[in-house]
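*Asks:* Here's the letter readout for the chains.
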Amino acid sequence: AQSVTQLGSHVSVSEGALVLLRCNYSSSVPPYLFWYVQYPNQGLQLLLKYTSAATLVKGINGFEAEFKKSETSFHLTKPSAHMSDAAEYFCAVSDQTGGFKTIFGAGTRLFVKA
Amino acid sequence: EAGVTQFPSHSVIEKGQTVTLRCDPISGHDNLYWYRRVMGKEIKFLLHFVKESKQDESGMPNNRFLAERTGGTYSTLKVQPAELEDSGVYFCASSQVPGVTNEKLFFGSGTQLSVL
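Here the protein sequences line up with chains A and B, keeping their order. Using my numbering, read the first sequence as starting at 1 and increasing by one per residue. Using my numbering, read the second sequence as starting at 1 and increasing by one per residue.
Note that these hints are calculated values from the structure, not bench results. In this text the structure is predicted, and so the values were computed from the model without any measurement. Hints are not guaranteed to be accurate.
[To be verified] Which chain A residues face chain B? A few, computed with CB under 7 Å, are given here:
#  : residue
1  : Y32
2  : Q42
3  : G43
4  : L44
5  : L46
6  : T51
7  : A53
8  : K101
9  : F104
10 : A106
Ideal Cβ positions, reconstructed from N, Cα and C, are used throughout, including at glycine.
Could you put together the complete structure from these sequences and hints?
*Replies:* Okay, here's the thing in structure tokens:
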């Protein structure tokens, strides 16, 4: 069965610092992996997705994630945090064994300090 | 283009009452999903419609939950009778193409359900 583990329910960084949000997945077949972001009072929005093309995936707002099969990881990074990045971030996985549903992690809330 | 719309945004009810949540997906989207997030935990899958048919309802907690999508447009999720543990945020999401596992989901803002 698919599953996603996000390490750290809260992450705090200073403005301009590196953002690193960790995600590990479990899947018995090659997975599709996603990062979604939720801003206050809004629905989740797709940041980026991995679909077995390039292992380094670039998304919106300067975020990127690297698929590492050997580590079953898909960590999200951004070189320089901006105040507007403060939000909750969700890692997600889907694959053919899970039908056509996407499985989400518990989320990581990112705080950005001035 | 209108996004996914959910109504109401908040609902406070007493244990034993009935509540109906509504989701209007993006026009033309055949896939409609319901998810629930309880107390800051993971967003858990409830069920998946393709048009008006239930494709997968493996995540529905119990028979107090009933989801419908008559006509393949909007969907309702009814909880009857509601219990304290049903509290949480209920999200609806839609996507366009059935049978695709890597498709982007479009989410509504959710319904915050509080059962007292």
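*Asks:* Does each hint hold? Answer for all of them.
*Replies:* Structure-based check of all given hints:
no. : hint : verdict
1   : Y32  : holds, 4 Å
2   : Q42  : holds, 6 Å
3   : G43  : holds, 3 Å
4   : L44  : holds, 4 Å
5   : L46  : holds, 5 Å
6   : T51  : holds, 5 Å
7   : A53  : violated, 11 Å
8   : K101 : holds, 5 Å
9   : F104 : holds, 4 Å
10  : A106 : holds, 4 Å
Going through the hint list in order, the structure does not satisfy hint 7, though it satisfies all others.
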